[in-house]
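Chemist: Take the given structure of chain A and dock chain B to it, following the hints.
Number of protein chains: 2
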Amino acid sequence: MDVTLTGETRLFYIVGDPIAQVKSPPALTAILMKRGANALLVPAHVAPADLELFLQAARATRNVDGIVVTVPHKLAALAHCDEPTERARFAGSTNVMRRGADGRWRGDNTDGQGYMDGIAACGFDVAGKTALLVGAGGAGAAIAYEILARGAAHLKVHDIDTARRDRIVGRLGERFPGRISVGDADPSGVDLVANATPLGMRDGDPLPVDATKLAGTQFVADVITKPEISPLLVAARALGCAIMPGAGMFNAQAELLVDRMLGMETA
Amino acid sequence: MDVTLTGETRLFYIVGDPIAQVKSPPALTAILMKRGANALLVPAHVAPADLELFLQAARATRNVDGIVVTVPHKLAALAHCDEPTERARFAGSTNVMRRGADGRWRGDNTDGQGYMDGIAACGFDVAGKTALLVGAGGAGAAIAYEILARGAAHLKVHDIDTARRDRIVGRLGERFPGRISVGDADPSGVDLVANATPLGMRDGDPLPVDATKLAGTQFVADVITKPEISPLLVAARALGCAIMPGAGMFNAQAELLVDRMLGMETA
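These protein sequence lines are chains A and B, in that order. Be aware that the first sequence starts at 1, since it is given in our numbering, and climbs by one per residue. Be aware that the second sequence starts at 1, since it is given in our numbering, and climbs by one per residue.
Just chain A, same shape as in the assembly (with noise of 0.2 Å):
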C-alpha cells in the first residue's frame, strides 16, 4: 500500500496477543492517509503480563498519539487512561486510546457503536426493541451500552460466566433502570439476537443460543469474522432471519476508530 513513512510519522499501535490475523493496519492506515495524517498504525504483539511495560513506554514515546486496543486487553487497558468517556466506562474496556494535548490519554470504546452502526446499515433499528445479548466480555459490555443508549425497550444479557454477566447487569441497571435483566441461550421472544462470543471461530464450538429456537422475524448478528458468515449465521439465515456478519461491525468502526485516534475529548 501506498504510505508517507519519515522521521515525523506520528505512530498508533493496534495491540493484541495474537496480532496477525488483525485487518486494522492496512485498514486504519488507509483512512489515515485519505485524511493526510502522517501517521501510520503498525501491529504490536504483547502478552497480558507485558502489557502494562508496553503502555508505558507507548506514553513515553512522544511520536505515539494513540493506541488501538484489541483482545485480550481491552479491559486491561481501560485502568492505564486518564480520563475515559462514560461509555468506555461502563463497558468497563477501552479499545481505542489517544493523548491528549495536555499529556493526559483519553480512552473510548466502539465496538458498541461499530456493531449497532453495521446492524443500522442493515436496516434494524434497536429503538423500542427488545434484544439477547450472548458474551459479556470487552465487546459485550460496550454493545449492551450501546443497544441500550440507542434506546432498546429492554436488553437481555447471556454468559457462562455468570459473575461477568451479573457485573454488566447490574452496572448498566444503575445507568439504565428497568430495561436489563439477566437472560440465558433461548432467544425466543426478542426482536434482536447478538452474539459478542468468540464461539463459532473454531469448528467444534456450540453455538451461543439454542437456534432451533430462533424465528425468522428476528434480526440475528455476530462478532466473529472468521469465518465470513459465521454457524450461528448460517442457522439464522437458513430460517429466513436477516443478519449482520462480523464485517459489517468492522467496517462501520474503522471510520469511527480513525475519528477517536486523530483526535478525542471526552468531556
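Hints listed in this document are in silico derivations from the structure and should not be mistaken for laboratory results. There's no promise every hint is true.
The list makes no distinction among identical chains, and a pair is therefore deemed to hold if it is satisfied within one copy or across any two copies.
In silico SDA-like links for lysine to any residue, alpha-carbon gap of 20 Å or less [claimed, not checked]:
#1 K34 / T6
#2 K129 / H154
#3 K34 / M1
#4 K23 / D2
It should be emphasised that the depicted structure is a prediction, and the values quoted were computed from it without experimental measurement.
Modeler: Same frame as chain A, but now just chain B:
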C-alpha cells in the same frame, strides 16, 4: 512509498531524541521491501530518561525484531545488548540491535564501517596511512575502531571532552597497541582528517579542526549531513582536498544496517 503493512508486519524502530530529522525510515524500509521482508522501520521519539523503559517494552513486543539507535542513545543502548559485537564493545556504543532466535539481543555498531566504506568509495584507502579523528562520542569511537581495524599506521584522537578522549585512546590502545594517541585541533601531517562531532550543523559553530593548517593532499571526511557540505568540507574543498560528506556514510551504511536488522550473529 509502497510498503507491505499487515497484522503480520515485523517492526523495527529507529529510536532517537529528536527524531523528526532522520532519513532512515523511508530509506531502510525501501531496502527491507526490496529484500522481500514484511517489515517496517518506524521512528520512535524517546527522551534519554525513558530509553530503558522503551527498550524493555520493545523486548516484550514480540513482533519487534530490532532497533536502530541514533543520537543521543548509542552509548546507553550498549548496556541493553546481551551479546554485543567486538566492534560495538570497543566503540562503547551500538547503533543497531537485533533479537536472536534464542531471544537474546545482539548489538553491533556500523557507524565506523559506514564511514570508512563511504571514504573507500571515494577512493581513499586508510591502510598504512595516518589519521586525525575529532570527536570521541558514539560515532567517533566506532570510527576510531574501524580506522585501526582497517590497518591505519597511526590514529590521533581529539575531543574537548578529554576524559572521553582518554577513555577511547586507552581502550583502543589495548586492542591496537602503539597505533593510537592523543591529538589536538591541528590537522598538519596526517593523511586523513575525520570529523565525528556535530560542529558545523549550527550557524556560528567553530570548525572542529584548525582549517588554516589543512593541505590539499589530505582527505577530509565529515559525519554531518545537514548542511550537505559542512563548513569544514567547504574549507577543505577550497584547498583542493578530496572530501566525503555525511551522506556518503549514510548511503554506505543503509545496506549494512539492513543486513544486521535481518540477522546478526556475534560469535
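Chemist: Are the hints correct? Go through all of them and say.
Modeler: Against the structure, the hints come out as follows:
For the homomeric pair K34 and T6, the shortest alpha-carbon distances inside one copy (17 Å) and between copies (18 Å) are both at most 20 Å. Taking the closest pair of Cα atoms, K129 and H154 come within 20 Å of each other only inside a single copy of the chain (7 Å); across copies the shortest separation is 86 Å, beyond that limit. With identical chains, the CA atoms of K34 and M1 are at most 20 Å apart both within one copy (12 Å) and between copies (14 Å). Proximity of K23 to D2 under the C-alpha cut-off of 20 Å is found in both arrangements, the shortest distances being 16 Å within a copy and 18 Å between copies.
Hint compliance for this structure: every hint is met.
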